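Between the sequences and the hints, there should be enough to build the whole structure, so can you do that?
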Amino acid sequence: MITTTIVAGLVAAPLFSAPVLQDDAPSTSWTIHADTLYVSPGKVVEDALIRVQDGKILSVTPGGSASDSLHAVAVTAGMIDASARIGAEGSVEESSEVITRLSVLDSIDPFDPQWLRQARAGVTTAHVTPVDRNVIGGRTAVVKTAGKPSVEARQLRGRPILRGAQGSLPSVGNSPAFGQPTTFFNRRPTTRMGVEWEWRKSFFDAAMAERFPEAEFEGADVLRAVLAGEIALSVDAWTTADIRTAVFVVEEMQREGLGTIDMIVDSAAEAWIEPELLVRSKASVVLPPHPANGRTNDGAFMAWKTAADLVARGVPVALSAHGDTRLSGRLSAQVAFAMRGGLSFQDGLAAVTTVPAKMLGITDRVGTVEVGKDADLVLWTGTPFELTSGITGVLVGGELVRDPR
Amino acid sequence: MLTLTLTLAALTAAPTPTVADTVYLKPDFVHTPEGVAENVVVVVKDGKISALSTADAVPASAKVLELEGHLTAGMIALSDQSGMDAREAQDTTRMVMDGADLAHAFTRDHSDYDRLAAEGITSVLLTPPSGTLSGGRTALVKPGGAIVAPRAHLHLSFSSSLFTRGRKPTSYAGAIQMLEERMAEPKGGFALLREGKVSALLQADTRAEATRAAAFAKRHGLAGLIYGCARVGDLAATLKDSGLGVALPAWNPGGNERIQASAQALHKAGVPFGFALDAPGRHPASLRMAAAACVRAGMDTNAAWNALTSGPGSLSGGLGRVGAIAAGFDADLVLWTGHPMELTSAVERVWIDGETVHEADLPEAEEGDDQ
Amino acid sequence: MQRSLTYLAQRLGLAFASLALAGSSIAAPTAEPSTAADKYAIKAGTVITMAGDPIPNGVIVITDGRVSAVGSADDVQIPWDAEVLDVPHLTAFPGFVEACTSQGMDRPNESIDITPFLDVRDSVDPVKFFFEDARRWGITTLNVQQGNETVISGMGMIVRPRGMTVEAMMVRPQSGVKISMAPKRNKSRATQAMVLRDAFSELRRYLEEVVQETKDGNDRARREALAQGRDLTGDNGKGRAMEGSAWKVEGLEAVPRGEIDEKQAPLLAIVEGRLPVTLNCETPMDVIRGIEIARENGFLGNMTILMTAGCHKAADAIAKAGVPVILTGNLMHTETDPVTEEETETFVPKLLKEKGIAFALTGDSGATQELWVHAALCVGQGLDRNEALAAVTTVPAKLLGLEKHVGSIATGCDGNVLLFTGDPLSATSQIDYVVLEGEMLYDRSKDTRLRHLIDGQAQPGTAPAEEEAPTDIHEEERRQGAGEGR
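Protein chains in written order, with the numbering used here: chain V, 1 to 405; chain L, 1 to 371; chain P, 1 to 486.
Don't take each hint at face value.
[Unchecked claim] The calculated lysine-lysine pairs, modelled on DSS-like cross-linking and capped at a C-alpha distance of 30 Å, are:
no. : chain 1 : residue 1 : chain 2 : residue 2
1   : L       : Lys187    : V       : Lys148
2   : P       : Lys398    : V       : Lys305
3   : P       : Lys398    : P       : Lys39
[Unchecked claim] Negatives, chain V to chain P, calculated, CB over 12 Å:
no. : residue
4   : Ser40
5   : Leu105
6   : Ser150
7   : Asp309
8   : Arg326
9   : Thr381
Since the hints were made in silico from the structure, they are not lab data.
Keep in mind it's a predicted model, so treat the numbers as computed, not measured.
Glycine is no exception: its CB is placed at the ideal position from the N, C-alpha and C atoms.
Written as structure tokens, this is what we have:
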């Protein structure tokens with residue numbers, strides 16, 4: 001049983017409680033009146049009435065209000081964090097540097113209080129990836145941040161994505177064995193170059209195994225599916241060197257006639273240095289949280305303009321808070337920071353709703369406030385994403401996880 | 001504190017019935033899984049409870065033992081390491097040790113067992129340490145030497161405690177995959193599991209792990225119990241559906257609220273459950289406290305007591321033999337000065353297989369205190 | 001290079017000269033202006049004064065560094081000889097006031113427990129990026145205090161982020177000390193409080209001893225003072241009865257104040273309520289114990305509590321003691337019930353407001369040094385807009401005793417004005433100019449480091465950004481490499 005209490009001022013008044021047991025399931029039907037409804041980026045309905053039934057959006061009509069409706073100055077679709085980074089423990093199988101068959105889904109803990117914090121910060125959908133300790137770490141998962149405490153119930157079946165990493169992270173902890181190996185970390189790669197080599201080797205080997213069945217190895221079929229574009233590839237790459245490597249690997253596979261990889265470059269902090277590279281690769285991009293002084297992980301520097309610059313060049317950009325739910329670091333604040341770097345409001349809204357929805361292949365369920373979509377809504381006290389606007393209400397699948405009343 | 005010397009003295013001085021004899025035990029109150037009854041006579045023969053009778057039905061020539069107090073079945077601890085060599089309790093040299101029988105680690109004359117008996121615990125389930133994917137097969141044993149079930153469960157871990165950097169697996173998905181591979185081509189302990197000759201002891205520390213464990217059991221049609229998760233009560237409906245039982249974590253003086261809430265939820269949902277003890281790391285007296293704390297938190301007294309006797313009796317591999325005062329069960333009995341769910345009640349006398357293994361000379365107990 | 005120059009020069013006893021030298025050798029975006037206009041006028045689209053309603057189409061006249069007139073363009077005459085900053089598209093706002101920071105120093109902490117005889121003046125480094133950031137984010141007044149790893153800290157100092165010497169930055173020296181209730185590393189709270197109490201009982205014992213010695217005709221204190229070359233003229237040569245609201249040592253009037261030991265004199269000033277104290281607290285119990293010790297030793301009325309959000313549980317005690325607060329770190333306090341896992345969120349600024357406790361926000365929390373972010377978040381969580389703005393302007397000004405000088409744009413105040421491209425609390429607003437005491441301190445169009453942050457352009461003095469590599473060559477190399485890999 002997870003319940004949450006908001007303290008309004010002096011008195012600890014339980015305004016909200018979300019019982020998870022089936023016998024007292026929370027209501028998932030509401031009417032919400034929004035002074036301004038941001039249906040989708042670029043589409044606004046003033047004075048809108050949103051009817052939610054059984055967790056889905058039943059209707060969106062302009063004008064009028066119902067006596068029993070919840071009210072908000074502004075309403076947007078629930079936000080999607082394209083790189084949520086929740087639940088690190090046991091999320092990646094490190095016994096091999098290339099893990100393709102396993103999924104992070106098996107490590108997701110729906111009881112982790114992090115989820116509710118995410119939901120209450122307006123993040124209603126999260127892309128969860130295995131921790132980046134492998135070159136290829138396994139399959140990712142997309143889940144709702146609230147609802148029944150079961151992974152199956154919360155999972156969104158979007159397009160399948162395989163996760164991997166460029167850069168220094170996968171080689172951390174590996175070391176050559178002097179004499180008898182003592183752990184499976186006595187292995188390659190131990191350098192960035194080695195990581196790159198492992199990437200190319202994996203794809204080449206998988207492609208070769210198709211021609212020479214005796215060379216088949218476990219998980220090669222998954223890599224071939226990536227080459228065939230059936231499974232997308234999410235690559236963690238912070239610095240420009242790593243982004244280059246990621247793009248070059250994709251281009252090399254294409255040139256060699258092995259396939260066209262559909263790539264998402266995650267944590268592309270230095271994407272601003274060579275944006276044309278990303279344009280050319282047709283990859284989509286997820287940016288890490290905006291740091292105050294520009295410095296991010298792995299020595300990478302993210303200029304504030306990064307999101308705006310990439311969007312201007314037509315690169316699909318999603319923003320991420322990497323799981324931070326504090327007021328000054330949460331996903332909504334990331335949009336504010338990107339807007340400070342020149343991103344427009346529309347593109348900011350898109351970067352946490354429609355763009356990640358498309359990237360993850362879940363546009364049929366989430367990303368906009370349209371009839372038939374999941375009732376994932378964020379209720380704001382003012383213009384969305386401004387730091388002066390609070391999030392007063394959040395619905396996930398019609399369930400109120402933050403109650404505006 | 002009762003001591004070994006006292007126990008030995010009691011063993012020799014007590015009017016022990018010979019095995020061949022039929023003894024009629026006539027206490028003030030008898031506790032059966034259904035509740036507390038007066039005017040019941042427990043008939044013990046050949047170390048077994050042969051029948052429950054009434055005072056009128058006792059033959060005149062019978063050897064009747066008039067007992068003051070409450071007579072109950074002996075308590076059963078799910079998950080325990082009593083009498084096991086430290087090495088047995090810490091062996092994590094292999095990730096999968098499905099062939100290991102903890103029965104081999106059982107040291108029958110170990111002083112740990114005297115301490116168990118002195119607290120009214122007449123059966124313990126020896127379980128392997130955490131830190132392996134499968135630490136071997138459990139054994140249900142009795143203080144005094146009898147092995148009730150030499151291969152009760154195969155231990156399977158879904159807990160993060162098995163992740164040690166540098167060894168496979170390091171992930172939940174990897175652990176489950178390894179287990180699935182072994183279930184696909186079962187050998188050794190997994191073959192026994194597959195054939196239903198042993199049930200599963202599913203180690204899971206969190207609700208998410210317990211959910212995964214229950215799903216695994218369901219996929220493979222396994223019977224058995226989940227242990228290690230204090231908040232498992234939140235999954236009562238799932239567990240009821242799966243048919244699995246639960247071993248709740250051992251009593252912890254630092255905080256028991258979650259365990260108590262789980263006990264309540266499991267009881268309401270009708271999921272059989274018992275408690276871990278994890279002696280000798282914990283004092284044997286804490287087993288009774290685990291259930292008593294539940295009573296204090298509002299649980300039905302009889303249900304709490306059953307969680308120490310009949311519940312674990314069926315889950316531990318001792319079904320039909322231990323955990324109840326009923327015809328056909330082993331005569332593992334405890335005589336208490338009052339209701340055992342009152343913590344002020346003390347153990348007066350303990351029988352295992354009809355033999356007295358412990359007798360407290362309560363008025364003289366102060367002598368023992370001096371030691 | 002600059003650093004080594006500075007250190008070398010300091011060792012040669014040329015500290016001030018070297019600082020100036022170091023300053024001139026770097027291309028700071030905001031070098032001290034060479035010519036200062038005596039009269040400066042700003043015409044802004046809106047003037048938010050924090051001393052009344054916003055003035056549309058406003059004019060601010062600054063004469064000799066002070067605001068001489070502020071009002072609507074219709075009402076205020078701009079002197080003919082004033083330098084005019086005509087920015088009708090911008091919004092004028094008072095400079096932000098940072099009530100307590102431990103940045104901008106060589107090292108923020110001193111390992112000795114009780115050090116009020118030290119002074120951050122000797123540690124503040126004007127060329128630190130921190131002060132450049134302060135200009136960029138419009139913080140025109142900062143109270144620099146020693147870090148929290150202390151019992152009784154060295155003396156703090158109020159500065160403005162201007163110039164290349166500590167003297168040029170100085171607003172007020174000896175602005176007070178920090179007393180930390182949160183334990184220093186390897187200390188328990190009990191020993192921390194013990195050391196603190198001992199300091200005051202040691203002071204008392206010392207004063208009694210010195211009074212007795214003076215009565216007895218023993219002139220040891222005088223000889224020591226003379227040996228140390230202390231000034232014993234004027235007020236220092238006179239004795240004064242002990243002041244303050246707590247304990248007193250009789251007969252102190254017999255001891256010339258200049259003869260009091262240098263290590264004890266600041267403590268005496270604390271007890272007499274003459275030296276402001278910032279009380280660092282990390283738990284509610286720190287607050288309670290701190291208030292108790294402050295009351296015992298007479299500095300309750302001259303104290304500000306620097307606290308983390310978790311201390312809000314002591315709000316009633318703070319309100320009762322009438323002590324103002326500087327809130328540091330997270331604004332939201334989240335507590336998880338260990339049994340039920342129920343999470344309780346408390347937005348602390350709002351709670352402080354409801355308890356009637358004056359509070360300032362600080363940007364000194366690591367995540368961001370921007371005071372506007374904290375003020376904006378307060379509005380987002382339902383705090384009145386004016387309250388939120390006051391918490392970064394007028395309230396900290398008052399806590400520093402500078403309410404007549406900084407924190408608002410009103411006649412007589414220092415001419416510290418920020419010019420925003422829009423609402424000061426909007427994410428998309430930028431600070432185009434910062435005017436400090438009637439001089440242009442910061443001009444965004446000349447801020448190369450900001451260009452670096454926003455556009456990624458190279459910082460001054462660093463190598464130019466990586467040239468776009470001829471990618472076809474790289475590809476060729478990689479293609480060959482791939483062949484080998486196979």
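Hint-by-hint comparison with the structure:
1. Lys187/L <-> Lys148/V: Between Lys187/L and Lys148/V the Cα gap is close to 37 Å, so the pair fails against 30 Å, i.e. violated.
2. Lys398/P <-> Lys305/V: Distance ~38 Å between Lys398/P and Lys305/V Cα, so the pair is violated.
3. Lys398/P <-> Lys39/P: holds (27 Å)
4. Ser40: holds (21 Å)
5. Leu105: holds (23 Å)
6. Ser150: holds (17 Å)
7. Asp309: violated (8 Å)
8. Arg326: Non-interface label on Arg326/V violated, nearest chain P Cβ at 6 Å vs cutoff 12 Å.
9. Thr381: Per Cβ check, Thr381/V is inside 12 Å of chain P; nearest 7 Å; violated.
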